[in-house]
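**Student:** Protein chains in written order, with the working numbering: chain A, 1 to 318; chain B, 319 to 562.
Hints listed in this document are in silico derivations from the structure and should not be mistaken for laboratory results.
All C-beta atoms, glycine included, are put in the ideal place defined by N, C-alpha and C.
Possibly wrong hints are sitting among the right ones.
As the list claims (entries may be wrong) - Sample of chain A residues at the chain B side, in silico, Cβ under 8 Å: (1) 96; (2) 97; (3) 112; (4) 286.
Single-letter residue listing:
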Amino acid sequence: MNGPAAPAILVSGARKVYQPAPWSASRTAVEDVSIEVPQGAIHGLLGPNGAGKTTTLKMLLGLVLPTAGSFEVLGKPSRVPANRAALGFLPEQPYFPSQLTAIQVMRLYARLAGVSSESRAARSSELLERVGLERHGHARLASFSRGMLQRLGIAQALVGSPSVVILDEPASGLDPVGQRDVRNLMLDLKAAGTTVLLSSHQLSEVEAVCDRVSILDRGRLAAEGRLDDLLNIAGRTSVRVSGLPEGLPAAVSGMTDDVAVSGGVWVFSVRDDQVRSVVDVIDDAGGRLLAVAPKRESLEDYFTRLLERPAPEAEVAR
Amino acid sequence: MIGRLTSIAGAVFMDAVRQRVFYVVVFFGAALALAIPSLPTYGVGVAVGSYREVALALTFTGALVLTLSIAATRVPGEVDRRTVYNVLAKPVARLDYIVGTWLGVAAVSAAAITGFTAIEQLVGLIRYQEAMWQLWQGALAIWLEMGVLAAFAIAVSTLSGPVVVVVSTLTMLFIGHSRDGVLGSSPSLARSLYPSLDAFNVINPVAHGSGIGSTVVVGMLLAFTGWAGVLLILGSLGFQRRDL
Chain A
1 MNGPAAPAIL VSGARKVYQP APWSASRTAV EDVSIEVPQG AIHGLLGPNG AGKTTTLKML
61 LGLVLPTAGS FEVLGKPSRV PANRAALGFL PEQPYFPSQL TAIQVMRLYA RLAGVSSESR
121 AARSSELLER VGLERHGHAR LASFSRGMLQ RLGIAQALVG SPSVVILDEP ASGLDPVGQR
181 DVRNLMLDLK AAGTTVLLSS HQLSEVEAVC DRVSILDRGR LAAEGRLDDL LNIAGRTSVR
241 VSGLPEGLPA AVSGMTDDVA VSGGVWVFSV RDDQVRSVVD VIDDAGGRLL AVAPKRESLE
301 DYFTRLLERP APEAEVAR
Chain B
319 MIGRLTSIAG AVFMDAVRQR VFYVVVFFGA ALALAIPSLP TYGVGVAVGS YREVALALTF
379 TGALVLTLSI AATRVPGEVD RRTVYNVLAK PVARLDYIVG TWLGVAAVSA AAITGFTAIE
439 QLVGLIRYQE AMWQLWQGAL AIWLEMGVLA AFAIAVSTLS GPVVVVVSTL TMLFIGHSRD
499 GVLGSSPSLA RSLYPSLDAF NVINPVAHGS GIGSTVVVGM LLAFTGWAGV LLILGSLGFQ
559 RRDL
C-alpha cells in the first residue's frame with residue numbers, strides 16, 4: 001500500500017544566523033520557519049523586504065548554509081546536489097554570462113540539468129518560444145533588456161522539466177503583458193501537475209494564482225494559510241450599491257462602516273447578521289445592488305498591519 | 319559528472335575568448351614577438367638562444383596576464399552578478415563548479431599559449447631559418463604552471479575579491495621560484511617541503527640547450543597534478559562553506 005505522497009517542498013525549523021567574523025555581531029535572518037507545500041500547488045511566499053524570503057529559498061536550494069533546519073524536495077534532502085534534478089529555480093533579477101547567446105545559455109543549463117543530448121536543442125528552442133524569445137536565440141545576452149533576461153531566466157528554470165519550480169519575483173522587470181504571461185505560465189504549470197513556490201512583492205499576482213501563502217516578517221513565519229482565510233474580516237460583509245442619488249438611507253447609515261463613494265457607487269461594510277435588512281432597505285430605496293461579499297482586507301493593509309506589530313506571532317488559517 | 323565539468327568549462331572558455339582582453343593580449347604578444355629580434359642584446363653570437371628565451375618570457379607574461387585576469391575574477395564575478403545561482407541551483411556540486419571553472423581557464427590559457435608559441439615559432443623560422451620545435455616544450459611547461467596558478471587563484475577567489483587574489487597569486491609565484499634564494503641549493507627537509515614551482519622552469523634547456531627529456535616532463539606533470547589537485551580541493555572546501 002502506498003503512503004501519502006511526500007510534500008513537494010518541506011522546510012522544517014529553518015534558521016539562519018549571519019556572523020561575518022567571530023568577533024562581529026551576529027544577525028538572525030531567519031528564525032524557526034517551517035513551510036510545507038503539497039504536490040501540484042502554487043504556494044506564495046510573502047513578506048516585506050528583509051523578511052527572510054530569499055534567505056529561506058537559498059537555504060532550500062543549497063546556496064546558503066543553514067544554521068539549523070531541514071529542507072526537502074519531494075521527500076529528499078534538497079541540499080544534496082543530485083536531489084535538485086527535480087527542481088527549477090528562477091533567481092530574483094537573473095543574470096547570465098553576457099558574451100553567450102540565449103541558445104548557448106539554454107543548452108548549457110539543459111546539460112547541467114541533466115537533459116539528454118538528443119533533446120537539448122529541441123527543449124531549448126521550445127522554451128525560448130514559450131517565453132517569447134524565439135527570435136533572439138542567437139543574440140548575445142549583452143544586448144538583452146531587463147525583461148528579456150527575466151524571460152530567459154524563466155526558460156532556464158524550466159529547462160529540466162522540473163516537478164517543483166521556485167520563482168523569486170518572476171514578474172520583476174516585465175511589462176503588463178509579460179506579467180500576464182508569467183501568471184498564465186504558472187497556472188499552466190499547475191495544470192500540468194508542477195508545484196510552484198512563488199516569492200513575490202506583486203500582491204495581485206499572488207492573489208491571482210496562489211492556493212496558500214506563507215507570510216514572513218522579520219525572519220519569522222507571521223502567517224500561513226489560504227489568502228481568503230487570512231484576509232477576510234470575520235463577521236463583516238462588504239456591500240456595493242448604486243442608484244442612490246440622495247445618499248444612503250438613514251436606516252442603513254447607522255449600520256455601516258468604512259463608507260466610500262465614487263462615481264455614484266457606494267461601498268461600505270456591515271455586520272453579517274445585518275446584511276439581509278440592509279439589502280431590503282436599499283431595495284426599497286430604489287438602489288441597485290452590485291455586490292455582496294465577505295469583507296476582505298487588502299494585502300497591502302495586511303502587510304502594513306504586520307509591520308506595525310512589535311514581533312510576529314504565527315497566525316495560521318486552515 | 320564529466321558532462322557537467324565540460325559544460326561549465328565550455329561556458330567559461332566561450333565567455334572569456336569573446337572578451338576584448340583576450341584579443342588585446344594576443345595582439346600585443348604577436349607584435350612583441352615580431353619585435354624581439356630588434357632587441358639590443360642581439361649580435362653577440364647567441365641570437366637564436368636569446369630569441370627563444372625572450373619568446374618564452376613573452377609567452378609566460380602574456381599567459382600570466384590572461385590567466386590571472388580570468389581566474390581572479392570569474393568566481394567573484396559570478397557570485398556578484400549572481401550568475402552562479404543558475405548553475406548551483408541545478409544538480410551541480412560546488413566541487414564540479416570549481417573544477418569546471420578551472421578547466422575553462424586552463425583551456426583559455428592553452429589557446430593563448432598556443433597562439434603565442436605559433437607566432438613566435440613562425441617569426442623564428444622566418445628570421446633565423448630554424449623551426450625551434452623546443453618552444454613547444456616551453457609552452458607545455460608554461461601551460462602547466464599557469465594551471466597551478468589558476469588553481470591557486472580560483473581557490474583564493476572562493477573566499478576573497480580579485481585584488482587579494484592577484485596579489486596573493488603573484489606572491490605565490492614569487493615564492494615558488496625563490497627556493498634556492500631562500501634555502502640554498504643543498505638538499506634539506508625544508509627544501510623538500512618548500513612550495514616550489516621550479517619543476518616548470520625549463521628556460522635553460524629550451525632556450526639554450528637541446529630541449530627537455532621525458533624525466534623532466536614527468537616531473538612537471540606530477541607537480542602540476544599534485545599542486546592543482548590540492549588547491550582545487552581546498553578551493554572547493556572553502557566555497558562549500560560560503561553563503562552565496
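**Student:** State for each hint whether it applies.
**Tutor:** A quick look at each hint next to the structure:
no. : hint : in the structure
1   : 96   : holds (6 Å)
2   : 97   : holds (4 Å)
3   : 112  : holds (5 Å)
4   : 286  : violated (61 Å)
In summary, the structure is inconsistent with hint 4 from the numbered list given earlier, while agreeing with all the others.
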